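Quick note on this note's numbering: the sequence shown kicks off at 1 and runs consecutively.
Treat the hints as calculated values from the structure; they're not laboratory data.
Treat the numbers as computed from the prediction; the structure is a model and nothing was measured.
Backbone N, C-alpha and C define an ideal beta-carbon position, used for all residues, glycine too.
Just so you know, not all the hints are guaranteed correct.
Distance windows between CB atoms, simulated [what the hints assert, rightly or not]: (1) W33 with W74: 12 to 22 Å; (2) I69 with E12: 39 to 49 Å; (3) K48 with W16: 37 to 47 Å; (4) I70 with L29: 16 to 26 Å; (5) W33 with F11: 31 to 41 Å; (6) I69 with F14: 37 to 47 Å; (7) E51 with F14: 52 to 62 Å; (8) K48 with A3: 26 to 36 Å; (9) N21 with T47: 49 to 59 Å; (10) I13 with L57: 36 to 46 Å; (11) P75 with L20: 16 to 26 Å; (12) V71 with T43: 33 to 43 Å; (13) N28 with P75: 18 to 28 Å.
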Amino acid sequence: EFAYSASSRVFEIFYWVYLLNLGIGLMNLLPIWITDGGQIARTLLLTKFKEKTAMKLYNWISIFCLLLIIVTLWPGIIF
């Protein structure tokens with residue numbers, strides 16, 4: 001019984017570590033200014049468009065993604 005309980009706890013810890021790593025990785029891929037996804041998006045836009053147009057698109061995409069995050073978290077903040 002002790003071995004089952006201990007292995008169950010270890011599995012539960014690894015499960016939560018897995019979920020946290022997945023969440024952090026997905027947040028890091030979002031195309032907002034401070035993430036790696038933002039740097040990837042900026043580089044891709046600069047290869048396809050002129051610098052002024054690429055930076056305007058990049059800013060709009062970043063703002064849109066930040067607004068999506070805020071709208072998603074809004075009920076949790078209010079309630």
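Now for the hints, and whether the structure bears them out:
1. The given range of 12 to 22 Å is respected by W33 and W74, whose C-beta atoms sit roughly 21 Å from each other.
2. At roughly 28 Å, the beta carbons of I69 and E12 sit outside the given window of 39 to 49 Å.
3. Here the CB-CB span from K48 to W16 is close to 40 Å, well matched to the stated 37 to 47 Å.
4. The beta-carbon spacing between I70 and L29, approximately 18 Å, falls within the hinted interval of 16 to 26 Å.
5. Under the hint 31 to 41 Å, the C-beta atoms of W33 and F11, about 38 Å apart, fit the expected range.
6. Checked against the hint of 37 to 47 Å, the pair I69 and F14 fails, with Cβ atoms roughly 28 Å apart.
7. Our hint of 52 to 62 Å for E51 and F14 is violated, since their Cβ atoms are close to 45 Å apart.
8. A hinted range of 26 to 36 Å for the beta carbons of K48 and A3 is inconsistent with their spacing of about 57 Å.
9. Distance hint check: the CB atoms of N21 and T47 are about 30 Å apart, inconsistent with the given range 49 to 59 Å.
10. Against the hinted window of 36 to 46 Å, the Cβ-Cβ separation of I13 and L57 comes to about 42 Å, which satisfies the hint.
11. Taken as a hint, the range 16 to 26 Å holds for the pair P75 and L20, whose Cβ atoms sit roughly 22 Å apart.
12. Taken as a hint, the range 33 to 43 Å is violated for the pair V71 and T43, whose Cβ atoms sit roughly 27 Å apart.
13. For the pair N28 and P75, the beta carbons lie near 24 Å from each other, so the given range of 18 to 28 Å is met.
Taken one by one, the earlier hints fail for this structure at numbers 2, 6, 7, 8, 9 and 12, listed in ascending order.
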